[in-house]
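Engineer: The chain contents come next:
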Amino acid sequence: MSGHYEAPIREPLIIGHKTYHDISNDIARPIEERAGKLWWVSIYVALILFIYGFGCIAYTIGTGIGSWGLNRTINWGWDITNFVWWVGIGHAGTLISAVLLLFRQRWRMSVNRSAEAMTIFAVVQAAIFPVIHMGRVWVGYWVFPLPNQFGSVWPNFNSPLLWDVFAISTYFSVSTVFWFMGLIPDFAMIRDRAKTPWTKKIYTFLSFGWGGKAKHWQRFEELSLVLAGLATPLVFSVHTTVSFDFATSVIKGWHSTIYPPYFVAGAIFSGFAMVQTLLLVARKVCHLEEYITIYHIEIMNIVIILTGGIVTVAYGTEYFIGWYSGSRYEDFTYLSPGAATGPYWWAFWALITCNLIIPASFWFKKVRTNITATFIIALVINIGMWFERFDIIVLNLSRDYLPSSWTMFKPTIIDVGVYLGTIGFFSTLFLLYARTFPVIAQAELKTILKMSGKTYKAKEGDEHH
Amino acid sequence: MSTIKKIFGLYGDDDDLMNGVKAFNAKGIAIAEVYTPFPVHGLDVALGLKKTRISDAAYIYALYGLLLGSVLTWYVMNYDWPQDIGGKPSFTWSRNMPAFAVPMFELMVFCAAHMMSITFLIRNKMYPFCPPQNPDPRTTDDKFMIEFLSDDVESIKQLLVETGVEEITIKDA
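Same order as they appear, the protein sequences are chains A and B. According to the numbering used here, the first sequence holds residues 836 to 1300 in order. According to the numbering used here, the second sequence holds residues 2 to 174 in order.
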């Protein structure tokens, strides 16, 4: 049928000889079958890390943030590094589901659900850090403008730190709503094939009675489109606002006008790297090779090339301007000759190697279509982007305006523990998600089966010749 | 006793369903409802559904959120407890407003997204633990169901068979 026509030159997005029913079976399989050994091992490791991290958080709250490696010169350390790192990771999900929906990129349908799950789980981890950095977490709600009896103490709306509260909470809740609304038809599919009464009950609760009526689908598509339209500026606003935390300050190396676009590009860069890391595993474990194809992996690597390129240009600019300004202070910023040769040379070169040199190998088609290479490079980018935030925060602060205050940062076991704990918490959430949620937006995917499915494309090609 | 019956036809393919809908339209037989596992392209037009107004509602919710953000920042920063922070006094909202752009924008998006989703659920009569609204569980998998409310069972049955339906069920309305 002509309505389903797509140029045969385009790569198929669904390979194997799939029918609509096969798609339902493949997506429901991880939920209906028992978990494998690998899953159990992973969740135990994740839970151990999570519990250890939870203990470290409890210790921090009980003892105070003096238990961290902060000092008078370096008053933001691993906490804010990890916060920015996690928020950055949380950027790819909404970009894939919202921005690429507006651009009508069909390949997003196989990866958007998991990428969005990753976003939501990453933002949860990110939120932990500023909250525990407050020290007195029990008054954490003071960041919101709530009517109060303290002679009316309001938060300061001039402060980028408060903008961040609004940006991150809105991003979290809107992403969650967007994700959940998209999940409803897929939950209904799981509900309608559930065999045990408990599964039926749980998915009946989650699917809100969805029946796939024509009018409901019409509203559903409109809802998805408008939510995507709303989430698109949100994606860009969140990391812009995070960058304002630094850019509006008076700290050298931070007050840089380049920060907003550079942070957004860096966030998408690291977000896609994390999507690759998680999806390459999920694809294997859940047997989704026919939906997340080499083509999907390649196209995400191309996004990494693009955003990595933007980040490279930004690094170059910062480095050049640091030198060109002629300011003594600028010679110690995180991208400067002073940083490359100073006591934090290893952090500087870790950033350059992991973010610029190694990812550049994606320019070769052989590398970006190789699964093992992609997995390793994605991990390297994750490390590199962590170092970027570490450099921005610790390296810039370590060389104060007063040379007598110059110092180094040494993380304590609590710092390390909280960080590892968030990785454990994140992995726990993702592993539970992979066993209970439809990991691919199957209703959406079915709409492109006749257009981009391999079997149908082959038939179309024959008819057109 | 009413002779009105509920007639369900189950198609195995979205193209068959579309042909069926067009055939019934041509004969002037009213279709009560269609249940599909995914949004079938062009079905809303074929069924003559009006454009949904849910996006218009979202526009109003966005304006409400923007207004909320404006009033909140004005009340907190200029009216209730104005302060001179860092030599930048809070005397007029109009001159302080650029600093409030981020929270105002976020509240706009927050209200639009959440209230629109709630509107979607209310309009669809969907809620937690709501019993499934589709009469056949296969319609969320790979089958396409068309529903009629009519007393002319025979002619509908005949047209369903002609358009390649897989299964016909008749129930009392």
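Hint data in this document are derived by calculation from the structure and do not stem from the laboratory. It should be emphasised that the depicted structure is a prediction, and the values quoted were computed from it without experimental measurement. There may be inaccurate statements among the hints.
[Unchecked claim] Pair ranges (Cβ atoms, derived):
#1 A:V974 / B:F92: 55 to 63 Å
#2 B:R96 / A:A870: 54 to 62 Å
#3 B:D153 / A:T854: 29 to 37 Å
Cβ atoms here follow ideal geometry from the backbone N, Cα and C, with glycine treated the same way.
Engineer: Now tell me, hint by hint, if it's right for this structure.
Structural biologist: Checked hints:
1. A beta carbon spacing of about 30 Å between V974 of chain A and F92 of chain B contradicts the range 55 to 63 Å that was offered as a hint.
2. At about 60 Å, the CB distance of R96 of chain B to A870 of chain A agrees with the hint of 54 to 62 Å.
3. In this structure the hint that D153 of chain B and T854 of chain A lie 29 to 37 Å apart at CB holds, the actual value being about 34 Å.
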